[in-house]
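**Student:** Residues per chain are reported as follows:
Number of protein chains: 2
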Amino acid sequence: MKDAAWSIGIDLGGTKIAAAFVGPGGEISHATVVPTNAGEGAQAIVDRIAALISDLRRSADKTPCSSVGIAVAGQVEAKTGTVFFAPNLDWHNFPLKAQLEKAVNLPVVVMNDVRAATYGEWLFGAGKGLQDFICLFVGTGIGGGVVTGGRLLEGKNNSAGELGHIVVDINGRQCSCGNHGCLESLASGWAIAKIAQELVLQRPNEGKALMSAVKGNLHALSAKEVCHLALEGDPLSLQIIDGVVEALTGGVVTLVNAFNPSHIILGGGFINGMPMIIERIAKPVKERGLKIATKNLSIVPVGLKVNAGVIGAAKFIGT
Amino acid sequence: MKDAAWSIGIDLGGTKIAAAFVGPGGEISHATVVPTNAGEGAQAIVDRIAALISDLRRSADKTPCSSVGIAVAGQVEAKTGTVFFAPNLDWHNFPLKAQLEKAVNLPVVVMNDVRAATYGEWLFGAGKGLQDFICLFVGTGIGGGVVTGGRLLEGKNNSAGELGHIVVDINGRQCSCGNHGCLESLASGWAIAKIAQELVLQRPNEGKALMSAVKGNLHALSAKEVCHLALEGDPLSLQIIDGVVEALTGGVVTLVNAFNPSHIILGGGFINGMPMIIERIAKPVKERGLKIATKNLSIVPVGLKVNAGVIGAAKFIGT
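Those protein sequence lines, which keep their order, are chains A and B. Heads up: the first sequence is residues 46 to 364, going by this note's numbering. Heads up: the second sequence is residues 46 to 364, going by this note's numbering.
If you are wondering where the hints come from, they were derived from the structure by calculation, not from laboratory data. Don't take each hint at face value.
Treat identical chains as interchangeable: a pair holds within one or across any two.
[What the hints assert, rightly or not] Pairs of lysine-lysine residues, derived as DSS-like cross-links and limited to a Cα-Cα distance of at most 30 Å, are as follows:
1) Lys107 - Lys328
2) Lys340 - Lys328
3) Lys340 - Lys269
4) Lys340 - Lys350
5) Lys336 - Lys173
6) Lys124 - Lys331
7) Lys173 - Lys124
8) Lys350 - Lys253
9) Lys253 - Lys147
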């Protein structure tokens, strides 16, 4: 009956913590969001999550809760639930599962946030019923999750699916990870912002619309303005988006040829904000990928626009 | 007892067919090689393989043989054993399993050749006992096989592991598959030959050693001469090999970050002929790959230098 019970799902990000009860059919109840205040340190965050769980259980006191699943924007050791590295929280080797279980007296599962979202998509979203699919989430960063042969890939250290760090341009820009030419360094929110800032400096005339969108404050220029102005037809913004499409196409071809999934499921803030990008990627991927790998391939948007991480973490029963 | 029996393994390539009895411990007996003569067409090849199997069974008439495994340099449909596409044989949708079973009256398993070699490495080579590893074979072309979570990946259409066609340079050269910047277009035997021929034309002075190695016949210039002269210190050949190392490093970083294997196993004619390449790739991969993905990573040569495909195909019992 474990699957049929309600459980609590938590999505712990660098700026906010989302939490909710999740029902057997993926239904959300008592959803709540609080700020992470990452600067206060790990113990304060654990205390905040524990309080959040207490509040949830109190406010839904007729709902039996069997476990807590927590999705973290970082790399997690599967067995111990220790967060190996979470850049947005500045955590290194933090024993989140142990600390939180002590605090809330419930079994806690800790997992990577995009892998949790992939699991949520698998159960209740665009991956429902599929055996071979890949979720690629393009937001501030890029991450993913891979299901192949009916299993969510973990790899040796539980870090399989770091799809933002596949190399699509060996001569390319430096990535936040230190490598060069990673997909994330060319197509993520932070990369779009960086590329836009550089181009505006190099070509001030063409960059006028972008600069005026941030009232002349170059460092405030983000992917948001680029997307917005691209939709309005600004040539420089369109050119930046063309580069993003090119990089994403290369990355998706890599995934299609290496994993041979039936579906590529695209989500994350950037894709959700510009869903027409999916069609722009799908066409060249089908032309450039191997015939055998693309012959039954669908490239589709995520089914769960929000709460995929909360839902996936709550329902994850381990492998 | 299926595993304990002897079976026949066959490696069907574009130029030759290798066959042998393979014992329960991977031991080879009655190994034989005949030319493929691909130009004679599919039926002639099936007849030749059937005769080869007859001869093998006759010459080893005290060895019980339960099945035949055949490794093909092409894409294979798992259930039907139909060869979807084998460029070197010019086969499209050829029902090899059905044809061969009719001819030899034994159960036949058909599989991709590099995946068979990966399976051979898993059972008896450098992958023995591992749960998460990738074989990358760099020869005339580039192919691979992926084992993750203790399973050989197949993907939706049984084409997972086409690792020669991961994109490492979105602005790169055209590949034989039609795409641009695939690993194979920068680091395979055919690519090395093509790059060398172009460079010799562009820089005739620097290309003197290479041209003299082929007695002035540019079109005869192959990866073999480039490797040979690089080992002797010829600057242009060394520069070509540097480019290959760079591309392979990018490709292996992609594989390490996406799959998080414990081992990358490198083989194929190019690597076997220049084993020092492994160390040249291993160092930058460990620097450029994600910390969590590289912390237990080993990059090693194949254990079975020859017959990995014959052994793997003979022992493959399906998934």
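**Student:** Next step is simple, just say for each hint if it's right about the structure.
**Tutor:** Hint by hint, here is what the structure shows:
Taking the shortest alpha-carbon separations for Lys107 and Lys328, neither the intra-copy value of 50 Å nor the inter-copy value of 57 Å comes in at or below 30 Å. For the homomeric pair Lys340 and Lys328, the shortest alpha-carbon distance inside one copy (13 Å) is at most 30 Å, but the shortest distance between copies (38 Å) is not. In this assembly of identical chains, Lys340 and Lys269 lie within 30 Å of each other by CA distance neither inside one copy nor across copies; the values are 35 Å within and 36 Å between. For the homomeric pair Lys340 and Lys350, the shortest alpha-carbon distance inside one copy (27 Å) is at most 30 Å, but the shortest distance between copies (34 Å) is not.
For the identical chains of this complex, Lys336 and Lys173 are intra-copy neighbours only, at 25 Å inside a copy versus 32 Å across copies, given an alpha-carbon limit of 30 Å. Proximity of Lys124 and Lys331 under a CA criterion of 30 Å is satisfied inter-copy only: 24 Å between copies versus 38 Å inside one chain copy. In the homo-oligomer, the alpha carbons of Lys173 and Lys124 lie at most 30 Å apart both inside one protomer (26 Å) and across protomers (24 Å), since each shortest distance falls under that limit. Taking the shortest alpha-carbon separations for Lys350 and Lys253, neither the intra-copy value of 33 Å nor the inter-copy value of 61 Å comes in at or below 30 Å.
Proximity of Lys253 to Lys147 under the C-alpha cut-off of 30 Å is found in neither arrangement, the shortest distances being 55 Å within a copy and 72 Å between copies.
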